[in-house]
Amino acid sequence: MLQTFFNLEIVGAAWRIILAGLGNTVLLSLVVVPLGLLGGLALATLASVRNPWVRWPLMAWVDFFRAFPPLVLLIFLFAGLPFAGVELGGFACVCIAFFLNTGAYYGEILRAGVESVPTGQSEAARSTGLGRLQTMLFVVLPQAVRNVLPDLLSNTLEVVKLTSLGSVVAMPELLFQARQAQSLTYNPTPIVLAAAIYFLMLWPLVRLLSRLENRALAGRG
Amino acid sequence: MNSWERFVDAFFNVKVMAKYLPDIAYGMLVTVELAALVIAAGLVTGLALALVRSLGFRPLNLLIIFVVDLFRALPPLVIIVFIYFGLPAVDIAPSGFVSTWLSLTLVLMAFSEEIYWAGITSIAKGQWEAARSTGLSYGQTLMHVVLPQALRLTIPPLTNRTIAITKGTALGTVVAVSEILGMASSAVSNSYNPSPLTMGAIAYLILFFPMVIFGRWLETKMAWKR
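Chains A and B supply the protein sequences, listed in that same order. So the first sequence is numbered by the working numbering: it starts at 3 and just counts up by one. So the second sequence is numbered by the working numbering: it starts at -6 and just counts up by one.
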């Protein structure tokens, strides 16, 4: 059993490939998390405009991309768009798909956060002479982010896990590299190794979240 | 053909769509079947784990916490790949359908256990004590006093999490499950036209858009009662 799933010889042969994958996963996360946050921030800022002509299309946009499996979006961009003469390459497709998908999730979370800040806050800020955007950035958002921090972190965990979808469009991230190493060595050890790396990397965040979530739901009862 | 006609011919090709409509419909059936099995198994095992955890047997609880953390930290696709490509090395060769089902079930089990558990712990201690002092047993207290209140609290987060994980059925395409995305992808390579992908996208929207709206509605409905 140990020979099959945790063969040290295979670990010795594959660790370079896996480590390169880990590097790419980290890089990819560092690109797509800010990208998603940026999209979410834009959505939440727009949603704070109390005009129904702005709010309803925004809500439809968010729900549309929350209803779409991210892999479907990715495949559509990667395998569909070339038929229209648009070849984007794996990395660009992942970035766009994540921007749309995780942007919608972040947007929904931040919107709830913004709505949790009493309107008196922005009224007071406006009356001191701050502009609309300044009020949003310096007064409302800092409080909003604090109120929805557990949800933001939980979504970030999901985004980092989702980067494994990059393997489907041949991005050399952790899972893809592990699959390569597996097919070179005819042994599942590289996949176990990749799984162990994902776990060790994300476990602290999962622990933290589980504490925060317990507290959040307990506060409601 | 001008560029608009070319676009329509590529993504909304009526001929191709008509030809592959039965395939996509079959894919929808598989997706619904897979999703239903994941939801049923995931929510039940998650609740079972939470109930066992409420017994407060420490070694068992540490094990449950570890399992839950493990399946919350691992990307579902990694679990699918491990089961489908890794297990055959020890002569266990589950099909793509079973691999996807098992992976998503484990993930939903982990997430739902966390949510159920948060719900159970959120019920004030006084409720337990009052129920027990009226002569209800531990099991009766759990079943008739604590769970009904705890579950109500867990419905909105549980619904949203379940939808998010159920969308993962699309991952089955990586291990050759003939669900919507898998059917659409093979139709694209057979017809050399991306219209089946458009159909697939529409099929996902038909299945999941109402669920997302429902989740949103539940959230606001429950929020009023706080």
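Keep in mind that the hints are not guaranteed to be accurate.
[To be verified] The following label-pair restraints were derived from C-beta to C-beta distances:
1) Trp55(A) - Ala33(B): 39 to 45 Å
2) Gly87(A) - Glu212(B): 39 to 45 Å
3) Trp17(A) - Lys8(B): 48 to 54 Å
4) Ser88(B) - Phe8(A): 22 to 28 Å
5) Gln133(B) - Leu207(A): 44 to 50 Å
6) Met215(B) - Ala126(A): 26 to 32 Å
[To be verified] From the structure, some residues in chain B lie toward chain A, with a derived Cβ separation under 8 Å:
7) Phe0
8) Val1
9) Leu63
10) Gly79
11) Val83
12) Ser178
13) Ile206
Quick caveat, the hints were computed from the structure, so don't treat them as lab data. Virtual Cβ for every residue (Gly too), placed ideally from N, Cα, C.
So, going through the hints one by one against the coordinates:
With their beta carbons about 42 Å apart, Trp55(A) and Ala33(B) fall inside the hinted range of 39 to 45 Å. For Gly87(A) paired with Glu212(B), a C-beta distance near 42 Å keeps the hint of 39 to 45 Å intact. Look at Trp17(A) against Lys8(B): about 51 Å separates their beta carbons, and that is inside 48 to 54 Å. Between Ser88(B) and Phe8(A), the C-beta spacing of about 26 Å keeps the proposed range 22 to 28 Å intact.
Between Gln133(B) and Leu207(A) the beta carbons are some 38 Å apart, a value that contradicts the proposed interval 44 to 50 Å. Between Met215(B) and Ala126(A) the beta carbon distance is about 30 Å. The supplied range of 26 to 32 Å therefore holds. This hint holds: Phe0(B) has a C-beta 6 Å from the nearest C-beta of chain A, less than the 8 Å allowed. Interface restraint check: Val1(B) against chain A, minimum CB-CB distance 10 Å, threshold 8 Å, status violated.
The criterion of a C-beta within 8 Å of any C-beta in chain A is met by Leu63(B), whose closest approach is roughly 6 Å, and the hint holds. Annotation: interface hint on Gly79(B) holds; nearest CB of chain A at approximately 4 Å, less than 8 Å. Interface hint status for Val83(B): upheld, as the beta-carbon distance to the closest one in chain A is roughly 6 Å, under 8 Å. Annotation: Ser178(B) was flagged as interfacial toward chain A, and the flag holds, the nearest CB pair being 6 Å apart, inside 8 Å.
This hint holds: Ile206(B) has a C-beta 6 Å from the nearest C-beta of chain A, less than the 8 Å allowed.
Checked against the numbered hints given earlier, the structure breaks hints 5 and 8 and satisfies all the rest.
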